[in-house]
Structures are given as C-alpha cells and as structure tokens.
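> Residue strings, one per chain:
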Amino acid sequence: MPNLLPAVGWKADLWRGVQTGVPILLASAPFAVLFGAMSVENGLTIAEATLMSATIFAGASQMVGLELFGHRVAPWLIVFSIFAVNFRHVLYSAALGQNVPHWSPVTKAIAFFFLVDPVFAESERRVENGRPVTLVWYMGVALPMYGAWILMSWIGAEFGSRVMPDAHAIGLDFLLPLYFLGLVMGFRNRPRWLPVVIVSAAASILAYRYIGSPWHVTVGAIAGVVLAACLPLREEPAALADVEPATT
Amino acid sequence: MTANLWIILFGALATYLTRVGGHIVLSQFSRIHPRVQAGLEAVPAAVLTTLVAPAAMMGGPAEWAALVVAALAGTRMPMFVAFVAGAITLAAMRSLVG
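Top line first, the protein sequences correspond to chains A and B. FYI, the numbering for the first sequence is 127 to 374, going by my numbering. FYI, the numbering for the second sequence is 1267 to 1364, going by my numbering.
It should be emphasised that the hints constitute simulated quantities derived from the structure, not laboratory data. Wrong hints could be hidden among the right ones.
Covered stretches of chain A (chain B as the covering partner; in silico rule of three or more C-beta atoms under 8 Å from a C-beta of chain B) [as the list claims (entries may be wrong)]:
1) 154 to 168
2) 172 to 183
3) 255 to 263
4) 268 to 279
5) 311 to 320
6) 328 to 337
In this text the structure is predicted, and so the values were computed from the model without any measurement. C-beta atoms are modelled at their ideal positions from N, C-alpha and C, and glycine is treated no differently.
Chain A on its own, in the form it takes in the complex (with noise of 0.2 Å):
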C-alpha cells in the first residue's frame, strides 16, 4: 500500500493498519457471508450465526463447527474440532509475542484475540519491515476486519444466498490464496524459506487429500516449521548485511 501520510505519531499508525487491512477485509468478505448463509441452512438462529463470528471469529474453525451441527456429532467433539482447526493460531501466539515485548499482559490478553491469519501475516511483515509492531497499528488492522466478519455474517444469514455474488466470474474465491501467495513472497529473503515453501507445500496438498480441508493447514504448516528447526543452523545473514559496505 502507498504511504499516504508521513511517520507522525499514532494517527499515521492508525491509518497506516486500516489501509492494510482494508484489502484483506474485502477479500474476506464473501466467506463471511456464506458462512452466514450456509449456517442457517444448517440449523442455527440468525442470532447464534452473528453470535459464533463475535467469538469465534476463525472462518474455517466456523464451517467445519457448522458441518458438525448438520450431523448431531456429540458436542465435545464439535468443541474439539474447532480447537484443532484452530491449532495453528499457537505458532501465530508465540511469534508474534517474540514482537510486541513493549506490550502489557493486559493488552497482549486483548489484543491476541484478534490474531487471525491476516493480521498476524501483516504484523510479520511490519517486523521485516523494520517497523515496530504497535499497538494503534495492529488494531487498526484487526478491528474493521472483525467488525466487518460480524457484519456480513449477519448480513448472509438475514438474507441467505440471495445476497451472495456471483464469486467466480469476478475471481473472488481465489482472491485469498492469491494474497496469501503475494504474502509468501514477501517473506523469501528469511533463513530456510525455499525448503519451508516446498514442504510446507507438498505436506499441505497431501494431508488436503488423504485427510481432508481444513486439516491441510495444521498438518502443512507443521511440517514446514518442524523442517526449519531441524536444518543445519547457521550464522544469520541478516545482522551482517548492514555493517558490509556497500561496494567491494
């Protein structure tokens, strides 16, 4: 995104997290009202559908809850799901703590319960960045994404799928995997990135097919983080680049 205000104080941190969360709240969008959708369809009340995105507010841990409602699975096991679904966010939980020591417990409680995908893939970036990852920035990130979920959550359950767009003419429903694929990118120039990439990779599509979605996720990401633990260690390139002069 252009910088359209200079570095000055909250407000232009503030600004700065709405503008990158603004893109990713679109994109988002469309699953938020199928969700709301396809919720009542599977027995939930306007109110429960609007009230399960307030809380829970993880989209796949949301469908896979639905699926299991439809099928009168005992209720431990739909709690169970959700947490494995969710298992992931427990990665996302200790990274990105290792960038917000200036944070207060208080504040970490807070604002950790908004640690979605994007938000912790934006707060990733801002650290590569060399920026520091704020608390005003964050929550300008994270708070129009969670009011929007709410929104239009609500929004597919009122009105069902007559709301729902025509996603695949206009390329909607691939529009999260390709910001994910630009985030990815983004992160090339970290130790590791190439052999995390491919396992990560290779490990995703098979778990999608022999386990089923959303497993892919725990299972992928996995794999590709237990691959960087157990590569050769070696002196971080990183923290040498800036005191190399620039031409030899």
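Dock chain B against the given chain A, drawing on the hints supplied.
What follows is chain B alone, placed relative to chain A:
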C-alpha cells in the same frame, strides 16, 4: 441456554486459548533455543503456503497464470501490486477461457 449456545461459547474459549497459548508457553522460558527460534521464523511462510498450495493444485490455467504472475511480480514489486496483478490476470483469463 441451548446446546448450540454452549458449543459456540466453548468453541470461542478454545479458539482464544490457541491465540494466547503459544505466547504464554513460550514466555515461561527466559532464553529461546536457536532451533525454536528458527521454527518460529518459518511460521508465516509455512502456514501461508498451506493456504495457497491445495487451491493452486485444484485450479486450472486461469488460476495457475494468476499465481505465476503474482509470484513473479512479488519478487520485483510491493506485495499489494503483485496481488492486484494476479487478480487482474485471473479475471482476464477467466473471461477468456471460462
């Protein structure tokens, strides 16, 4: 309170635990092992790749073209420009090949 309501609230609690749990566990250690650090650095690339790869595998020529354009553009241009280039490629290809 209906069963649905309880499931939603406990589902929300379980989700919240995953979002604070990783940090709570890690903050118990004063020093992070280099291998854990290496694993944490790989988290964004590893997770985000899993959100792309199966979708790419299931796609057709239009989706593949869009991904290639976005990936190539991503090495030269800001991430958001790469994303828009991919989206335009996708819409154009779909209107051509269906």
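> For each hint, tell me whether it holds in the structure or not.
Each hint, compared with the structure:
Beta-carbon proximity to chain B at under 8 Å applies to 0 residues in the region 154 to 168 of chain A; the threshold of 3 is not reached and the given coverage is violated. For a cut-off of 8 Å, the count of residues in the region 172 to 183 of chain A with a CB near a CB of chain B stands at 6, and the three-residue condition holds. For the region 255 to 263 of chain A, the stated coverage by chain B is not satisfied: 0 residues place a CB nearer than 8 Å to a CB of that chain, which falls below the threshold of 3. Restraint check on the region 268 to 279 of chain A versus chain B: 0 residues with Cβ-Cβ distances below 8 Å, three needed, restraint violated.
Residues of the region 311 to 320 of chain A with a Cβ under 8 Å from some Cβ of chain B number 8, which satisfies the need for three, so the listed coverage holds. Counting residues of the region 328 to 337 of chain A whose CB lies closer than 8 Å to any CB of chain B gives 5, so the stated coverage by that chain holds, three being the minimum.
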